[in-house]
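Participant: Each chain, letter by letter, is given below.
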Amino acid sequence: AQSVTQLDSHVSVSEGTPVLLRCNYSSSYSPSLFWYVQHPNKGLQLLLKYTSAATLVKGINGFEAEFKKSETSFHLTKPSAHMSDAAEYFCVVSGQGAQKLVFGQGTRLTINP
Amino acid sequence: DGGITQSPKYLFRKEGQNVTLSCEQNLNHDAMYWYRQDPGQGLRLIYYSQIVNDFQKGDIAEGYSVSREKKESFPLTVTSAQKNPTAFYLCASSIRGQGKLFFGSGTQLSVL
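Here the protein sequences line up with chains A and B, keeping their order. Counting the first sequence from 1 gives a position; my numbering is that position plus 1370. Counting the second sequence from 1 gives a position; my numbering is that position plus 488.
Note that these hints are calculated values from the structure, not bench results. Check before you lean on any hint, since a few could be wrong.
What the hints assert, rightly or not - Computed, partial: chain A to chain B, Cβ under 7 angstroms: (1) S1402; (2) G1413; (3) L1414; (4) L1416; (5) A1423; (6) T1425; (7) M1453; (8) S1464; (9) F1473; (10) G1476; (11) R1478.
Model, not experiment: these values are computed from the prediction. Backbone N, C-alpha and C fix where the C-beta goes; we use that ideal spot for every residue, glycine too.
Chain A on its own, in the form it takes in the complex:
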């Protein structure tokens, strides 16, 4: 069985400062991991995905995430926050058979001017 825990329900940073959104996972199989972003009243958009190639994954809009098996973590980072990054972010795990993804509870990112 797979599960995912997003460690912060809300993160607030100032524009131009680094962003860190934390995610821990549990999986019986070698997992695929994803980060999705959702802007208000919109659908979700894929930011990046890990599928057992490089452990450091680069995504869109300057985001990246590092897969750490020993820590069962897949934290999302960005060096410098922009106002347009304000959104809800979801960490997702997919185990054997990608038809069922398990979503984390979401982290709401607020950017202060």
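Following the hints, put chain B in place on chain A, whose structure we already have.
Facilitator: For chain B alone, kept in the frame of chain A given last:
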């Protein structure tokens, strides 16, 4: 433009009424999904379909029904048996066996 279209954007349901949410995709994807989103609870899977004329229950299928008569379409009916239907409903599609989902813009369902 290729993508997923959900309609309507807002929907209101009266007590005891069934309502149907539309989801159409032109991405030629085999797999389609319905998720329910409640504040602070992430997304929960209602139903999914890997191929035409076949679908499977997700984690919270009670009070919902679906059909998959065409590859492009996967409508969701919220029946009167669903006692707490107020939520944001998201439809998604993917290439079968892949975890990358493409989402529609969602339908907000509220009870009158």
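Participant: Checking each numbered hint in turn, tell me which of them this model violates, lowest number first.
Facilitator: 5, 6, 7, 11
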